[in-house]
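Student: Protein chains in written order, with the numbering used here: chain A, 1 to 247; chain B, 1 to 327; chain C, 1 to 287.
Don't read these hints as lab results, they were simulated from the structure. Virtual Cβ for every residue (Gly too), placed ideally from N, Cα, C. Be a bit skeptical, because a hint or two may be false.
What the hints assert, rightly or not - Restraint-style ranges between C-beta atoms, simulated for each label pair:
1) A:H101 - B:I14: 48 to 56 Å
2) A:H101 - C:L117: 46 to 54 Å
3) C:S107 - B:L76: 49 to 57 Å
4) A:S218 - C:P29: 54 to 62 Å
5) A:F94 - B:A25: 50 to 58 Å
6) C:Q247 - A:S218: 22 to 30 Å
7) B:S110 - C:D267: 35 to 43 Å
8) C:G212 - A:F94: 31 to 39 Å
9) C:V237 - A:E5: 51 to 59 Å
Stated by the list, open to error - Now the stretches of chain C that chain B is said to cover, found in silico as 3 or more residues with beta-carbon under 8 Å:
10) 84-94
11) 98-106
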Amino acid sequence: MSEREHPPVVAENLGKKYSRGWALRDCTLRVPAGRIVALVGPNGAGKSTLMGMITGLIRPTAGRIAVFGDVPNGRGMHPAVAFLTQAKPLYPQFTVAETLHYGRSANPGWDQAYAESLVERARVPFAAKVGTLSGGQRTRVALALALGKRPRLLMLDEPLADLDPLARETVLRTLVEECRTQCITVLLSSHVLAELEGVCDHLVLLTDGRVRLAGDVSELLRAHAGQPGMQRLGELALAYMRAEVAA
Amino acid sequence: MTWIVWRQQRPVLITLAAGLVVAAAAILLLRAGMVSDLQTRNIVDCVRDGTLQACRGEGPRAFQKSWYDLIHFAQLLVIVVPALVGLFIGAPLFAREFEQGTHVLAFTQSVSRTRWMATKFVVAALPALLFVAVLQLLVRSWVNAAGQLGPLAGGPYYFSTFDAQGVSPIAYTLFAYTLGVFVGALFRRTLVAITLTLGVFVVTRGFLSTWRESTIEPVRVLSNELTDPYAGMGPGQVVKNTGFLDAKGAVVTDVNAAQAKCVPNARIEVSVEDRTACWQQNGLARSFREVLPFEQATTVHLLEASIFAGLAVLFVLGSVWAVRRQA
Amino acid sequence: MNASPVHASNVAKHFGRVRALDDCSFSLPSGSVTGLVGPNGAGKSTLLSLIAGLARPTSGTVSVHGTPVRGQMHPDVSLLTQKRPLYDQFTVREMMRAGAALNDCWSAARAFEVLDLLAGVDKDARVGNLSAGARTQVAIAFALGRLPKVLLLDEPLSDLDPLARDETLRIVMTEVAERGTTVLLSSHLLTDLGDVCDHLLLLDQGRVQVAGEIDEILGDHRVVVGPAEVSLETDGVVVDSSHTARQTTALVRGGSVPSGWDSTHPDLEALVMGYLRAARTRKLARQ
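Just chain A, same shape as in the assembly (with noise of 0.2 Å):
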């Protein structure tokens, strides 16, 4: 297989040990390219280990991991992966046109015109100190900087909390419609599953530490069309996480 061929995430009896027990285990999962993939688990379920593992940032304890491919190592990101955590670690003294300039240095493939689009796209004034900016406006440009890279999967971190409604439906539909029309494969972390509903088309739920769900969930519907409370999306992840369903 060519590099471009190789699936965004392929896991196999993926896990991770820490002092206090295994945060992941036996976790197998092929996310296909360009979906939208929701990722969903009560805390603790091991979501953010996951990730980790993706982002290289974890070591696997068990198993193996591949990004596209190739293995992560600590080295860095692969480059084709951006990554957006609830944190949005942006800093808040420099101004979002300095925000973007560091994207420039940090990343090989920047775009900078696609970046400063966004921006624009937003009403962001380029010249604002971050720190000045309301949640909705800089999770907007954290998103620019994670697209400005061009990445392949977009890996969101709880992009949208303290965000009010308008400022999650806002951010919500830009990610859709720039990751769609770029085919960019996108794995969402979020509690707040009936906004994923219109928007996820593959689900990977985790309760602890291991693999409950995976599937489209166009598929996953079907599968529990016949059972009662389960007809959206959210009702069916609610239902795996009470663990109501049995295995």
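Take the given structure of chain A and dock chains B and C to it, following the hints.
Tutor: Relative to chain A, chains B and C alone:
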């Protein structure tokens, strides 16, 4: 409310208790060892009076080589502890509550803010003050046991003796504590408060240490020997000034002029008698030294302590304002 | 003097030149669960802190059961803020003891009852080591130990996973059902609010835009859809309108349905989003 502050201060209390136990054990053991060493070397009388003949030999010197630095270190401990109290008990008292947002917790219960503040302030202060007092007493008893063979030979104004004596340690502790509490309440960030408290404390203590000796009038003591103003001086005297009187008893202003006439050739050794005679001929009748009288030491202590106490009161009022000011 | 659980009369709060709240007036009916919504910076947290007595209004009055609130917490009110402040070093049991020490009127029975709900919280665990959901449960138990008649919740569901959110809401609803507590709850998660609230208080730029019973409000508003070329004429108030190439959609308050336009009543989410969009349009227009 008292229980809550005890519980919140529990780690600090344990540290203080453990620290006191260790310090007390160390000091008492060392002190006992030193006393038996005195008896072995047969220099017990030198503790009382260091000027005795028996106290100038090799024995006392060896003794001091073994023990002086340890005792001095114990005094320095008493000097450092007030700063530590201010930094690690005073500064975080309110700063940490603001930083973690738990002040909102306290303000939304039925306890009044005044009672909350006052209880925290008093209950956190008491163990620290007790620690300082006990440590001070222990160290003092050790210092006294060494007497003139130890730091006491430097007199009551010697910095480590002065700062570890009487009301001073408690006064410094109250100052550091209230300073820390005020800065913490004002800036609402623990690290900032610690840094600022340290800075202000060191500067203020340094300034007052230098200034306090100027508050008392030195006493003029005439020397028996013209060429040596320090003749007949006892141990531990702080000399602020030396000079010469003329035959009429007035202070000679231009001493160099008189003395220059008696040194025609620097290479020739002139005997003391000849120099004395020459100086007398040139208008220098008596030499004197101005010393700080030992009896005034208590006054200086009280003066310095009252300044620190006044500042402490201001800081308490400032803290009340800083905590209660509402957005 | 109005004796409703919470009554605000022309309340304003200024920080220098910033007007966090401006001329707010509303009244919460007893036993109601009111959702407090609005864009960030609308003044929601400021309003809650005024009702709790953490800050004083610049003008106007806030009163709880007829007593004006003046910089002091009313004994009938409990507040839970987004940070859910607790003493992290304490165990859960010690935290409850602290509740008794800090309050004249404290029911340990009620507090422990809440701690035992759902899966129960390990009472000997340190508060700082609890999961976000358990911590929220402890914070709510702490707030309810005061036996409040008015419960103020500032973003209580943030940082909670769906399971914990669901459980937290269940605890609150049980409290309302059993004791008739009046609840004022601010949240960004409109779907959750829609499940539990019967009243709505919508703030924007420090002012009350909408206040009242949700059913009434939804009945009073319409979402009208019409062809793009036809301009909208109505005797109601157009809250927000958006246009695509083919059609115009508008949220209208009051008035009659213009002929030729489709009209439906909005659900809570559509209503709030409409007001938020209008607020954003106004804000952008000013810049």
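Student: Cβ-Cβ distance between V237 of chain C and E5 of chain A: within 51 to 59 Å?
Tutor: 57 Å, holds
Student: Assuming the hint says 54 to 62 Å, is it satisfied by the Cβ distance from S218 of chain A to P29 of chain C or not?
Tutor: The hinted range 54 to 62 Å is violated for S218 of chain A and P29 of chain C, with Cβ atoms some 45 Å apart.
Student: Are H101 of chain A and I14 of chain B spaced within 48 to 56 Å by their CB atoms?
Tutor: Taking Cβ atoms as reference, H101 of chain A and I14 of chain B lie about 51 Å apart, which means the hint holds.
Student: So the hint says 22 to 30 Å: do the beta-carbon atoms of Q247 of chain C and S218 of chain A match that?
Tutor: 28 Å, holds
Student: With 31 to 39 Å as the target window, see if G212 of chain C and F94 of chain A comply at their CB atoms.
Tutor: Distance hint for G212 of chain C, F94 of chain A is violated at roughly 45 Å.
Student: Check the following: the C-beta atoms of S107 of chain C and L76 of chain B are separated by a distance inside 49 to 57 Å.
Tutor: Between S107 of chain C and L76 of chain B, where Cβ atoms are some 54 Å apart, the hint holds.
Student: Counting residues of the stretch 84-94 of chain C with a beta carbon closer than 8 Å to any beta carbon of chain B, are there 3 or more?
Tutor: Holds, because 7 residues of the stretch 84-94 of chain C bring their Cβ atoms closer than 8 Å to Cβ atoms of chain B.
Student: Do the beta carbons of H101 of chain A and L117 of chain C sit within 46 to 54 Å of each other?
Tutor: 52 Å, holds
Student: Is the gap between the beta carbons of F94 of chain A and A25 of chain B within 50 to 58 Å?
Tutor: Holds - the Cβ-Cβ distance for F94 of chain A and A25 of chain B, about 55 Å, lies within 50 to 58 Å.
Student: Does the beta carbon distance between S110 of chain B and D267 of chain C stay inside 35 to 43 Å, or does it fall outside?
Tutor: 41 Å, holds
Student: Is the coverage entry for the stretch 98-106 of chain C by chain B consistent with the three-residue Cβ rule at 8 Å?
Tutor: Our answer is that it holds, as 7 residues pass the Cβ test (under 8 Å) against chain B, meeting three.
Going through the hint list in order, the structure does not satisfy hints 4, 8.
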